[in-house]
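Engineer: Protein chains in written order, with the numbering used here: chain A, 1 to 289; chain B, 1 to 376; chain C, 1 to 281.
No wet-lab data here; the hints were simulated from the structure.
As the structure is a prediction and not an experimental result, all values here were calculated from the model.
Check each hint, because a few of them may be wrong.
Stated by the list, open to error - Computed far set for chain C versus chain A, every beta-carbon distance over 10 Å:
(1) L21
(2) V202
(3) I229
(4) A253
(5) L264
Stated by the list, open to error - Sample of chain C residues at the chain A side, in silico, Cβ under 10 Å:
(6) S24
(7) T37
(8) D57
(9) A62
(10) V104
(11) F108
(12) E169
(13) S171
(14) V192
(15) P195
(16) S196
(17) L197
(18) P199
(19) L201
Claimed, not checked - Think about it this way: if two alpha-carbon atoms lie no more than 16 Å apart in a straight line, the pair counts; the simulated EDC-like pairs of lysine to aspartate or glutamate are:
(20) A:K16 to C:E243
(21) A:K266 to C:E93
(22) B:K115 to B:D93
(23) C:K97 to A:E270
(24) A:K197 to A:E270
(25) B:K187 to B:E29
(26) B:K337 to B:D256
(27) B:K187 to B:E223
(28) B:K11 to B:D73
Here a beta-carbon is modelled for each residue, glycine too, at the ideal position from N, C-alpha and C.
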Amino acid sequence: MNSFKPLRVGEAPLIKWSLITLAVFLAMVLLLLPLVSIFQQAFVGGWERYIEHLSQPDSLHAIGLTLMVAALTVPINLVFGVLLAWSVTRFEFPGRKLLITLIDIPFAVSPVVAGLLYLLLYGNSGWLGAWLFEHDLQIMFAWPGILLVTIFVTCPFVARELIPLMQQQGASEEEAAVILGASWWQLFRRVTLPNIKWALIYGVILTNARAVGEFGAVAVVSGNIRGETNTLPLHVQLLYEDYQAEAAFASASLLALIALCTLLLKALVEWRQQRSLSANDNQEQSQSL
Amino acid sequence: MSIRLTNISKKFGQFQALSPLNLDIQEGEMIGLLGPSGSGKTTLLRIIAGLEGADSGQIHFGNRDVTQVHVRDRRVGFVFQNYALFRHMTVADNVAFGLEVIPKKQRPSKAEIQKRVSHLLEMVQLGHLAQRYPEQLSGGQKQRIALARALATQPEVLLLDEPFGALDAKVRKELRRWLRSLHDELKFTSVFVTHDQDEALELSDRVVVMSNGNIEQVNTPIELYAQPNSRFVFDFLGNVNRFEASWQQNRWTNGDAFLVPPEQAPLQQNGALYVRSHELALADKPNSQAHIPFTIVAITPVGAEVRVELAPIGWQSEELWEATFTHHHLQELGLQKGSVVYATPRTAYFFGEQGDGSPVRQSWPFLPPGSLAFDI
Amino acid sequence: MIFNNGRLRHKRVLPGFSISLGVSLLFVSLILLLPTTGLIMQTSQMSWAEYWGVIADPRVLASYKVTILSALAASLFNCLFGLLLAWVLVRYEFPGKRLLDALVDLPFALPTAVAGITLATLYAENGQIGSLLAEIGIKVAYTPLGIVVAMIFTSIPFVVRTVQPVLEELSHEEEEAGMTLGATDGAVFWRVILPSLWPALVVGTALSFTRSLGEFGAVIFIAGNMPYISEITSLMIFVRLQEFDFAGASAIASVVLLTSLLLLLLINLWQARYLRRIHGR
Numbered sequence: 001m002n003s004f005k006p007l008r009v010g011e012a013p014l015i016k017w018s019l020i021t022l023a024v025f026l027a028m029v030l031l032l033l034p035l036v037s038i039f040q041q042a043f044v045g046g047w048e049r050y051i052e053h054l055s056q057p058d059s060l061h062a063i064g065l066t067l068m069v070a071a072l073t074v075p076i077n078l079v080f081g082v083l084l085a086w087s088v089t090r091f092e093f094p095g096r097k098l099l100i101t102l103i104d105i106p107f108a109v110s111p112v113v114a115g116l117l118y119l120l121l122y123g124n125s126g127w128l129g130a131w132l133f134e135h136d137l138q139i140m141f142a143w144p145g146i147l148l149v150t151i152f153v154t155c156p157f158v159a160r161e162l163i164p165l166m167q168q169q170g171a172s173e174e175e176a177a178v179i180l181g182a183s184w185w186q187l188f189r190r191v192t193l194p195n196i197k198w199a200l201i202y203g204v205i206l207t208n209a210r211a212v213g214e215f216g217a218v219a220v221v222s223g224n225i226r227g228e229t230n231t232l233p234l235h236v237q238l239l240y241e242d243y244q245a246e247a248a249f250a251s252a253s254l255l256a257l258i259a260l261c262t263l264l265l266k267a268l269v270e271w272r273q274q275r276s277l278s279a280n281d282n283q284e285q286s287q288s289l
Numbered sequence: 001m002s003i004r005l006t007n008i009s010k011k012f013g014q015f016q017a018l019s020p021l022n023l024d025i026q027e028g029e030m031i032g033l034l035g036p037s038g039s040g041k042t043t044l045l046r047i048i049a050g051l052e053g054a055d056s057g058q059i060h061f062g063n064r065d066v067t068q069v070h071v072r073d074r075r076v077g078f079v080f081q082n083y084a085l086f087r088h089m090t091v092a093d094n095v096a097f098g099l100e101v102i103p104k105k106q107r108p109s110k111a112e113i114q115k116r117v118s119h120l121l122e123m124v125q126l127g128h129l130a131q132r133y134p135e136q137l138s139g140g141q142k143q144r145i146a147l148a149r150a151l152a153t154q155p156e157v158l159l160l161d162e163p164f165g166a167l168d169a170k171v172r173k174e175l176r177r178w179l180r181s182l183h184d185e186l187k188f189t190s191v192f193v194t195h196d197q198d199e200a201l202e203l204s205d206r207v208v209v210m211s212n213g214n215i216e217q218v219n220t221p222i223e224l225y226a227q228p229n230s231r232f233v234f235d236f237l238g239n240v241n242r243f244e245a246s247w248q249q250n251r252w253t254n255g256d257a258f259l260v261p262p263e264q265a266p267l268q269q270n271g272a273l274y275v276r277s278h279e280l281a282l283a284d285k286p287n288s289q290a291h292i293p294f295t296i297v298a299i300t301p302v303g304a305e306v307r308v309e310l311a312p313i314g315w316q317s318e319e320l321w322e323a324t325f326t327h328h329h330l331q332e333l334g335l336q337k338g339s340v341v342y343a344t345p346r347t348a349y350f351f352g353e354q355g356d357g358s359p360v361r362q363s364w365p366f367l368p369p370g371s372l373a374f375d376i
Numbered sequence: 001m002i003f004n005n006g007r008l009r010h011k012r013v014l015p016g017f018s019i020s021l022g023v024s025l026l027f028v029s030l031i032l033l034l035p036t037t038g039l040i041m042q043t044s045q046m047s048w049a050e051y052w053g054v055i056a057d058p059r060v061l062a063s064y065k066v067t068i069l070s071a072l073a074a075s076l077f078n079c080l081f082g083l084l085l086a087w088v089l090v091r092y093e094f095p096g097k098r099l100l101d102a103l104v105d106l107p108f109a110l111p112t113a114v115a116g117i118t119l120a121t122l123y124a125e126n127g128q129i130g131s132l133l134a135e136i137g138i139k140v141a142y143t144p145l146g147i148v149v150a151m152i153f154t155s156i157p158f159v160v161r162t163v164q165p166v167l168e169e170l171s172h173e174e175e176e177a178g179m180t181l182g183a184t185d186g187a188v189f190w191r192v193i194l195p196s197l198w199p200a201l202v203v204g205t206a207l208s209f210t211r212s213l214g215e216f217g218a219v220i221f222i223a224g225n226m227p228y229i230s231e232i233t234s235l236m237i238f239v240r241l242q243e244f245d246f247a248g249a250s251a252i253a254s255v256v257l258l259t260s261l262l263l264l265l266l267i268n269l270w271q272a273r274y275l276r277r278i279h280g281r
């Protein structure tokens, strides 16, 4: 056996293992340690105290409100994301590029500014808010306001996942289906959906994670009314600033748990995606042989 | 610089990419590695370059053992199949790269590098494209730039992986001639990989035919054509008709068809007979040495020749046979689509089931012992 | 390619053009564009002098400086750290690799407020990391350095996730070509690999910078929020709001909004220009 020197850049064992060590060390300190510490802090007083903190009426209400907002946001942004991706990847029209750029705005805008935009419009001094006030409709400092800003900050996720994928896939499969006489629903369900399934799920996971955890924008429009407009992240803040660190971390641990589930689901989706891709490759290979 | 490979082998996992093989390449020679995909020709090229390590054996450049020498120190020029031009660099920067990465002490001055680059670009006739980026070039232009880049460091060995694979036929022909003249002018040793027999035969001083990680035959194009030494080489060099023969009643038979060989012991067995398409004579009746009936299914002009496609009558062949004639000769024969003809090979190569796998060359008509005239 | 331009009436092959575009436009108008009218009306009621007075207030100016410098530091750190992570994840096999890969996304998945209180606790003087750092005289929590730490945490994934796919698709051959031409590993990295990663690296860093500029939840808990020293601009808006100074809040918000839109535009333009060169279109 000849000993042959490794050929790719950075494959020398010394370089390789120093880089891995450095990366893992930094990731431990910057990422893993904070994650672990959330649960540590939450369980400082043991299980019973933990349950006690979470079963406070205010905590329960915050959990309920957060779940409701997420449950409404996700389907709305799902439908919007699919329709937007369909229109910008399957048709040419003036302003198409502008529309794609516009959808990125929520990524770039500070959440506090996002909240402010809504407050200025729907608040009592805003032009729309004044009219709504006359008709006895309260949007700001109530759950509809929270819902609206959450939709705002999470609306790019699904579309952003779908657009590059659908652009890359092109329309030929769908055109073939139309030629074969498929209705729009058959077309979508049997041709488009299977192709974008994983990206769609991925987008939904990200939308959900952000919807549950949004803080800055919600903080501006919620009014922080305990037991009414307090979402879970706001509840965490309130407790923390009341010097109830343990209770704050108990609620925070719930959010961290959701984050962990998000990561797990994401890893799972990626794994499935790769598997279905490589399965396709294998199929193509065996067909070409 | 001469290249000597001794006992080189390579495994990828369980797959034996190269069985131990030896090859001597003379200084200034142009060698074509010819074989189907998976035959190990690219692996061999990459081992010569140092891009891949051999599991066993030695590589010498001249008298220097380079087996353990890193690719960067082997000083070979390598042209990649897809050119591998640096996309973020201009054409000039691509060509200059090899000169700019020379350690500072030996590196030529900036002005000198610039001079050499423009000289190289002139040589490949692309001086006017110096400031373009690779993606703005055509395939043929990219190929020339890749060559110029590989030659910039004045390597004594130039290795090319499927150099013309991705180009259309016309550009391919042009570039072949150009590479050949460049080679003759600059006198480097070249090894190139190809799966195209025409390319290998046209360009190489010697052709190395490979299959399944083995070298089947090494020879000059003319010799290779005249004396293929195995069924594989015969099949791979193409345009050949095959007669699967079983030895019965003192002749090779296949269904109703038969062919009589001269009385030699090694020929009296089952085997396969290879006949090139231009070595086939057609007549409207059989003769005593050959009875191989066909129906003509197509007559197609191919350039200066005419190709006649033949379907066997009353015997088995996996593929249709082909015979080629000049237009003039075809008219004399008066052949027509649908007519029945009988073929006689003028020359054929017989591979017996028993034996060392090398063919026996045989011609028809032959004089049977004791005869003074052909009995056709 | 020839597209039908209005005059040449051609029925579109695929269904759903009007409904998908209609819904998208409606949604974009209602959710994204309509809310900006409030901001425009609010600021247009101010005179230039008033506007300038608010956005150039010394305390606000200090907040710009703190925000921009912290975001710059955080994004530069993440540029290097992100490149390292992407490199390690793409090029090497080692135990725990998948876990590390999954962990990279934590900052996107974890609510910023949770990150904020956790980092504040960890880096406080009696916290696990803070106490170690305090021994060597470094104070993180409730200083501008704390802001940088929070910004680093929330924007780690950007560089990794933009560089990773490019690194994966980088052709092996270009690297080999560099080596056959005699380049050392270092030269190949600097002159062949890094230039190919450069656009992704720049975009990732710019995204990380943009995100850091706007970060709020993670920062306010650890920053200490001392006027002139550790107040970020988003907090200034929040403070103005709590004082019911809508005009002031709007003025500052308009600066932030324009800055981030400009950044977004620049990133897009830069990306498009670079792609054009590489793909020759």
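Engineer: Against each hint, give a clear statement of whether it holds in the structure.
Structural biologist: Quick rundown of the hints versus the structure:
no., hint, result
1, L21, "violated (4 Å)"
2, V202, "holds (16 Å)"
3, I229, "holds (20 Å)"
4, A253, "violated (5 Å)"
5, L264, "violated (4 Å)"
6, S24, "holds (4 Å)"
7, T37, "holds (7 Å)"
8, D57, "violated (17 Å)"
9, A62, "violated (18 Å)"
10, V104, "holds (7 Å)"
11, F108, "holds (7 Å)"
12, E169, "violated (13 Å)"
13, S171, "violated (12 Å)"
14, V192, "holds (8 Å)"
15, P195, "violated (13 Å)"
16, S196, "violated (12 Å)"
17, L197, "violated (12 Å)"
18, P199, "violated (16 Å)"
19, L201, "violated (16 Å)"
20, A:K16 to C:E243, "violated (55 Å)"
21, A:K266 to C:E93, "violated (21 Å)"
22, B:K115 to B:D93, "holds (13 Å)"
23, C:K97 to A:E270, "holds (15 Å)"
24, A:K197 to A:E270, "holds (12 Å)"
25, B:K187 to B:E29, "holds (8 Å)"
26, B:K337 to B:D256, "violated (22 Å)"
27, B:K187 to B:E223, "violated (23 Å)"
28, B:K11 to B:D73, "violated (24 Å)"
Going down the numbered hints, you'll see the structure goes against 1, 4, 5, 8, 9, 12, 13, 15, 16, 17, 18, 19, 20, 21, 26, 27, 28, while the others check out.
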